[in-house]
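Student: Sequence:
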Amino acid sequence: MDFGLVLQTDPPASAVVELMRRAEDAGFRYGWTFDSAVLWQEPFVIYSRILAETEHLTVGPMVTNPGTRTWEVTASTFATLNDMYGNRTVCGIGRGDSAMRVAGRRPNTLARLGESIDAIRDLAEGREAVVDGNPVRIPWVDGGRLPVWMAAYGPKALALAGQRADGFILQLADPFLTEWMVKAVRQAAADAGRDPDALTICVAAPAYVGEDLDHAREQCRWFGGMVGNHVADLVSRYGEHSGLVPEALTAYIKERQGYDYSHHGRSGNPDTAFVPDEIVDRFCLLGPAEAHIEKLRTLRSAGVDQFAVYAMHDAKESTVDAYGKSVIPALSGL
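Under this note's numbering, the first residue of the sequence shown is numbered 21, with each subsequent residue one higher.
Any given hint could be a false lead.
Taking lysine to aspartate or glutamate pairs in the EDC-like style, the calculated list, with each CA pair at most 16 Å apart, reads [as the list claims (entries may be wrong)]:
1) Lys203 x Asp215
2) Lys336 x Asp45
3) Lys176 x Asp211
4) Lys176 x Glu135
5) Lys345 x Asp22
6) Lys203 x Asp217
7) Lys336 x Glu38
8) Lys336 x Asp30
9) Lys203 x Asp325
10) Lys274 x Glu298
11) Lys274 x Asp297
12) Lys345 x Glu310
13) Lys336 x Glu238
14) Lys345 x Asp45
Label-pair ranges, simulated between beta-carbon atoms [what the hints assert, rightly or not]:
15) Arg157 x Ala268: 44 to 52 Å
16) Ala72 x Gln207: 40 to 48 Å
17) Ser352 x Ser34: 22 to 30 Å
18) Phe294 x Gln207: 31 to 39 Å
None of these hints come from the bench; they were simulated from the model.
This structure is a prediction, so every number in the text was calculated from the model and none was measured.
Note that CB positions come from ideal geometry on N, CA and C, so glycine has one too.
The whole structure should be built from the sequences, with the hints applied where relevant.
Tutor: What follows is the structure in structure tokens.
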């Protein structure tokens, strides 16, 4: 199993770079960041510095979207980083939650997302793509490679990930839901004539290593609120008891009142009081290192290839260090 670290690009950028360097030293192989231009600093600028100050780390957004940047700009940015540092990027992409809504726009349609996955990959790898009805090719790209991993929850999005993406990003660590969604993605890949085992499966969720579970829960409760935004979209689209989305995912948002993006992805978020302890425990990894190892082994058996640690809490450094000392060696066979 691979491991990634996910950060918000809060200033100063030097602190983000330093923590990514620390993560690589601890055995993490991926460095991810949020991508929401209004809420945080520009991640692609910071990726260049991270790549310059690490040796092997692969970097990318978790996740970008096809609406806040034109597709040729996204592809050219990735291709430039790859040309400078040797194909060490990955494009995580989704419909767009905070990035679009904070700017007063609706998330992208799945149809547009699917088109963008193919176009961004093709352009970043030097092939011609159709962008807004026009054929485009970046002529200077030579030997570029850009895997595109799609974030998804609902049945149509899961199907699209299986049909078009190189990997699937699931932003929660509940073993039951992980197994259900991984099966859906791989079945969609098989139905589309693709090799289902060729897709990389990445689970991303907060991880907090420590003995004080109550404190860890409060530090990570924000995550249930963030996931709740996507769940609320699913309920509005499919209904609460449609059978198309597991009630194990949808039931907990009944008391949800709304969401203020000024607190997005941050501990102490006042809009996440509705999230019960049970959801925090299911969706996150909490407790001593041994508890993380046990849950990660379960996720690995469900087909997970990478676990990406959301480190938006008061124990970033100690959690990275604990993973490097105990968790990563136990799961990577070192």
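Student: Determine for every hint whether it applies to the structure shown.
Tutor: Structure-based check of each hint:
no., hint, result
1, Lys203 x Asp215, "holds (13 Å)"
2, Lys336 x Asp45, "holds (14 Å)"
3, Lys176 x Asp211, "holds (14 Å)"
4, Lys176 x Glu135, "holds (15 Å)"
5, Lys345 x Asp22, "holds (15 Å)"
6, Lys203 x Asp217, "holds (11 Å)"
7, Lys336 x Glu38, "holds (12 Å)"
8, Lys336 x Asp30, "holds (14 Å)"
9, Lys203 x Asp325, "holds (14 Å)"
10, Lys274 x Glu298, "holds (15 Å)"
11, Lys274 x Asp297, "holds (15 Å)"
12, Lys345 x Glu310, "holds (12 Å)"
13, Lys336 x Glu238, "holds (15 Å)"
14, Lys345 x Asp45, "holds (11 Å)"
15, Arg157 x Ala268: 44 to 52 Å, "holds (45 Å)"
16, Ala72 x Gln207: 40 to 48 Å, "holds (41 Å)"
17, Ser352 x Ser34: 22 to 30 Å, "holds (29 Å)"
18, Phe294 x Gln207: 31 to 39 Å, "holds (33 Å)"
The structure is consistent with each of the numbered hints, conforming to all of them.
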